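**Student:** As a plain string of letters, each chain reads:
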Amino acid sequence: MHFGVNQGDLAEVIVPNDLRSAKQAEDRIMAELVRCGYDSDTSFAIKLSFEEAITNAVKHGNKNDPAKRIVVRFQITVQRTVIMVADDGAGFAPDEVPDPTADNNLERPNGRGIMLMHAYMTKVWFSETGNEVWMLKDRRETTP
Amino acid sequence: MNPTGPFESPLSLEIEREGRAHIVRLRGSASMEQVEDLHRRLVELIEPAVPHLVLELSELDFISSPGIGAIIAAHLKARAHEGSLRIVSPTPAIAGLFRLLRIDRQIEIDDTLAAARAALEGV
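Same order as they appear, the protein sequences are chains F and X.
Residue numbers for the first sequence follow our numbering, beginning at 432 and rising by one.
Residue numbers for the second sequence follow our numbering, beginning at 1213 and rising by one.
Hints listed in this document are in silico derivations from the structure and should not be mistaken for laboratory results.
Hints are not guaranteed to be accurate.
Claimed, not checked - Here are the simulated lysine-lysine pairs, DSSO-like style, with alpha carbons at most 30 Å apart:
#	chain 1	residue 1	chain 2	residue 2
1	X	Lys1289	F	Lys490
2	F	Lys490	F	Lys554
3	F	Lys454	F	Lys494
4	F	Lys499	F	Lys454
5	F	Lys454	F	Lys490
6	F	Lys499	X	Lys1289
Computed from a prediction, not measured in an experiment: that's the story for all the values here.
Modelling step: build the complete structure from the supplied sequences, incorporating the hints.
**Tutor:** This is how it looks when you write it as structure tokens:
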């Protein structure tokens, strides 16, 4: 249980390990945001953070292996959004990802996702193994 | 906000050649499942005879870091061909994203297409 959410209160979508399949989970999340009346800036922040988590899961966690899967759980209310993304991979150490805004990293092709999740969501929590991430967006918080 | 959901318009590219530059107007959402194609298309546009690329983003409503990676890949290829990549009129949300990632430190961002064209005069 994270961010005060009971597991039984979370919607769950399990998708094959590719970005097009993960879109089904994203579409459900975006539909809920509309239903709960979230504004454009907050929806942008949530979509961005979700896509960063999914991209990391597909490419880095599951190493683009089509035999692996991604689990998405979420709860969206008018006050806040909680999203969990988990992959089948061995995990990683989020704290060891280099700062993408350092001068010598600006032209790297990737490495920006975790920073963006932290910047656009209220709270981000990684499991000890790093293959499960929980993100919370408090709707009252302004986006960067 | 679109009642059927925000950021749902498919990504489209309108490409025009002007001298030694391609002007690309991106419309819709550069969502994660469309970025691989975007990457390929942007990089393919850069060639020795046409090493400059202008991305007009006023109608692009969403991009995530893989899309930014595609832009950076095109920027690096342009530079390798002694060309350049310029960005024009990003929306406030995307401009904020570029500032956060310091993209504006490596890629010129113009307020208008006219300004981008003026910068490319004589190249």
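**Student:** Hint by hint, note whether the structure agrees.
**Tutor:** Hint-by-hint comparison with the structure:
1. Lys1289/X x Lys490/F: holds (23 Å)
2. Lys490/F x Lys554/F: holds (23 Å)
3. Lys454/F x Lys494/F: Cα-Cα ~18 Å, so holds.
4. Lys499/F x Lys454/F: holds (16 Å)
5. Lys454/F x Lys490/F: Cα-Cα ~15 Å, so holds.
6. Lys499/F x Lys1289/X: violated (34 Å)
The structure is inconsistent with hint 6 alone, although it conforms to all the rest.
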